[in-house]
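Colleague: Sequence:
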Amino acid sequence: MQHILDAILAEGTTSEDFANLDLPESYRAATVHKDEVDMFEGVPSKEKDPRKSIHVEDVPLPELGPGEAFVAVMASAINYNTVWTSIFEPVSTFGFLERYGRESELAKRHDLPYHIVGSDLSGVVLKVGAGVTKWKPGDRVVAHCLSVELESPDGHNDTMLDSSQRIWGFETNFGGLADVAMVKANQLMPKPEHLTWEEAASPGLVNCTAYRQLVSANGGNMKQGDNVLIWGASGGLGGFATQYALNGGANPICVVSNEEKAEIVRNMGADKIINRSEMDFKFWNEDGTQQNPKEWLRLGKAIRELTGGEDIDIVFEHPGRETFGASVFVTRKGGVITTCASTTGYLHEYDNRYLWMNLKRIISSHFANYRESWEANRLIAQGKIHPTLSRTYRLEDVGQAALDVHHNLHQGKVGVLTLAPQEGLGVLNEELREQHLDKINLFRGV
1 MQHILDAILA EGTTSEDFAN LDLPESYRAA TVHKDEVDMF EGVPSKEKDP RKSIHVEDVP
61 LPELGPGEAF VAVMASAINY NTVWTSIFEP VSTFGFLERY GRESELAKRH DLPYHIVGSD
121 LSGVVLKVGA GVTKWKPGDR VVAHCLSVEL ESPDGHNDTM LDSSQRIWGF ETNFGGLADV
181 AMVKANQLMP KPEHLTWEEA ASPGLVNCTA YRQLVSANGG NMKQGDNVLI WGASGGLGGF
241 ATQYALNGGA NPICVVSNEE KAEIVRNMGA DKIINRSEMD FKFWNEDGTQ QNPKEWLRLG
301 KAIRELTGGE DIDIVFEHPG RETFGASVFV TRKGGVITTC ASTTGYLHEY DNRYLWMNLK
361 RIISSHFANY RESWEANRLI AQGKIHPTLS RTYRLEDVGQ AALDVHHNLH QGKVGVLTLA
421 PQEGLGVLNE ELREQHLDKI NLFRGV
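If you're matching positions, the sequence shown starts at 1 in the UniProt record's numbering and goes up one per residue.
Calculated directly from the structure, the hints in this document are not laboratory data.
As the structure is a prediction and not an experimental result, all values here were calculated from the model.
Treat the hints loosely; a few may be bogus.
[Said to hold, decoys possible] Pairs of lysine-lysine residues, derived as DSS-like cross-links and limited to a Cα-Cα distance of at most 27 Å, are as follows:
hint	residue 1	residue 2
1	Lys223	Lys333
2	Lys48	Lys34
3	Lys272	Lys223
4	Lys333	Lys301
5	Lys384	Lys439
6	Lys333	Lys282
7	Lys272	Lys301
8	Lys223	Lys48
9	Lys108	Lys127
10	Lys294	Lys282
11	Lys34	Lys52
12	Lys52	Lys136
13	Lys108	Lys34
14	Lys134	Lys384
15	Lys108	Lys136
16	Lys384	Lys272
17	Lys223	Lys136
18	Lys46	Lys34
19	Lys272	Lys108
20	Lys223	Lys439
21	Lys282	Lys272
22	Lys384	Lys333
23	Lys46	Lys301
24	Lys282	Lys301
25	Lys272	Lys294
[To be verified] Restraint-style ranges between C-beta atoms, simulated for each label pair:
hint	residue 1	residue 2	range
26	His55	Asn221	40 to 46 Å
27	Thr307	Thr13	41 to 47 Å
28	Leu437	His3	32 to 38 Å
29	Leu61	Pro90	19 to 25 Å
30	Glu423	Leu297	45 to 51 Å
31	Glu193	His3	20 to 26 Å
32	Asn221	Thr307	46 to 52 Å
All C-beta atoms in this analysis are idealised placements derived from N, C-alpha and C, irrespective of residue type, glycine included.
All chains, full assembly: derive it from the sequences and hints.
Modeller: Shown next, in the form of structure tokens:
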């Protein structure tokens, strides 16, 4: 891979030069193994250690198919789906790969005894498959994680509804935590050139997810003046929701877990903050079997004190079970609860009287389609939305990076350097970077 890295780091390397580079027969990648899916059997979820299940090893370069591209990956990032893959919860991802492999001869490439993980990247296109016309070797890119076939009519109004919709690096193989990734060409987007490789790689999945869930007509359809309740407002997903609310003229009501995180959202520009460590909400009893509506009332009162008596128009919901009953309760009549992820549990419970009688709506939101992803990346490139990168690891330490996210020891996003030999490389637009440097570095070292 050294000759590829040299070409990327050198000035003046042309598209033809990249097209003439010899591709490696194998490359480094972070993998989980099919024969280890039972390794954590009987172990409590929080005690499952991704450092034991994620391997960094050489894997063969796959065959490149039509409409696909090889990308030399300079940097990637950790998302919760990599954590779920590494602890084999809620199911092993090898079932996804097996089902995909049954679809076609090309799809069989994904059904392997190892799974290359990762759903973010920034890097440089090395080679494109037959039929690709919009991208060429040498293009500096980021990738979103929506993988679709679009052979059925289902996805042609919204590609997220395609029957073959999958998340790359989670439900497909050949993900971004590697020196080379294989993606569909319609996953590619231009790299924001005021950002470093690691900064550009980090927004990807969470930025696009937040855009659809909150801004898009397929999600919250947020408008100016909306009161938006954002759980985990300084986190990897919530940090982007907070930015979109502020950027779009809404009023974010930011729920955070401690004063350090409260200071982060203040520095982002938010001023309506609920600190859970101070409020000490007890939405559930100690054994987690019964919710406490009095605590919902207490949350609603805290919200009204911040909004001048108004209720919530949109709830940006991703914790799931722990908070969902409260989210439904505090939403105004006719308001919207948008939901994804469910990081505290998938089995939501809420009192349907507060939903049904008050004409509230629950909208499920899962990642984003290509157009939504493109718009989200465009806002990054314009310097209107910023990365939330707090820390970066080397690829060989990816297990530790995943463990940090698993135990919620991180803030914002955790990046991973793959081919990039150090942080700070890849910036071409220094002028735009200088204008936004404080915001770009807001999460650094937190």
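Colleague: Please go over all the hints and tell whether each is borne out by the structure.
Modeller: Status of the hints after comparison with the structure:
1. Lys223 / Lys333: holds, 17 Å
2. Lys48 / Lys34: holds, 16 Å
3. Lys272 / Lys223: Distance ~18 Å between lysine 272 and lysine 223 Cα, so the pair holds.
4. Lys333 / Lys301: Between lysine 333 and lysine 301 the Cα gap is close to 16 Å, so the pair holds against 27 Å.
5. Lys384 / Lys439: holds, 10 Å
6. Lys333 / Lys282: Holds: lysine 333 and lysine 282 sit about 24 Å apart, inside 27 Å.
7. Lys272 / Lys301: Given that 27 Å is the threshold and the Cα spacing comes to 13 Å, the pair holds.
8. Lys223 / Lys48: violated, 41 Å
9. Lys108 / Lys127: Roughly 21 Å separates the two Cα atoms, so the pair holds.
10. Lys294 / Lys282: holds, 9 Å
11. Lys34 / Lys52: holds, 14 Å
12. Lys52 / Lys136: violated, 38 Å
13. Lys108 / Lys34: holds, 16 Å
14. Lys134 / Lys384: holds, 26 Å
15. Lys108 / Lys136: Holds - the C-alpha atoms of lysine 136 and lysine 108 are around 26 Å apart, at most 27 Å.
16. Lys384 / Lys272: Judged against 27 Å, a Cα distance of about 21 Å means the pair holds.
17. Lys223 / Lys136: violated, 38 Å
18. Lys46 / Lys34: Given that 27 Å is the threshold and the Cα spacing comes to 21 Å, the pair holds.
19. Lys272 / Lys108: violated, 51 Å
20. Lys223 / Lys439: holds, 23 Å
21. Lys282 / Lys272: Given pair lysine 282, lysine 272 holds - Cα atoms ~21 Å apart, limit 27 Å.
22. Lys384 / Lys333: The given pair, whose Cα atoms are some 32 Å apart, is violated under the 27 Å limit.
23. Lys46 / Lys301: violated, 33 Å
24. Lys282 / Lys301: Holds, at roughly 15 Å.
25. Lys272 / Lys294: holds, 22 Å
26. His55 / Asn221: 40 to 46 Å: Check passed, 43 Å falls within 40 to 46 Å.
27. Thr307 / Thr13: 41 to 47 Å: violated, 54 Å
28. Leu437 / His3: 32 to 38 Å: holds, 33 Å
29. Leu61 / Pro90: 19 to 25 Å: Since the Cβ atoms of leucine 61 and proline 90 sit about 31 Å apart, the hinted range of 19 to 25 Å is violated.
30. Glu423 / Leu297: 45 to 51 Å: Holds, at about 47 Å.
31. Glu193 / His3: 20 to 26 Å: holds, 24 Å
32. Asn221 / Thr307: 46 to 52 Å: Cβ of asparagine 221 to Cβ of threonine 307: about 20 Å, so the range 46 to 52 Å is violated.
Violated hints, listed in ascending order, are 8, 12, 17, 19, 22, 23, 27, 29, 32; each of the other numbered hints is respected by the structure.
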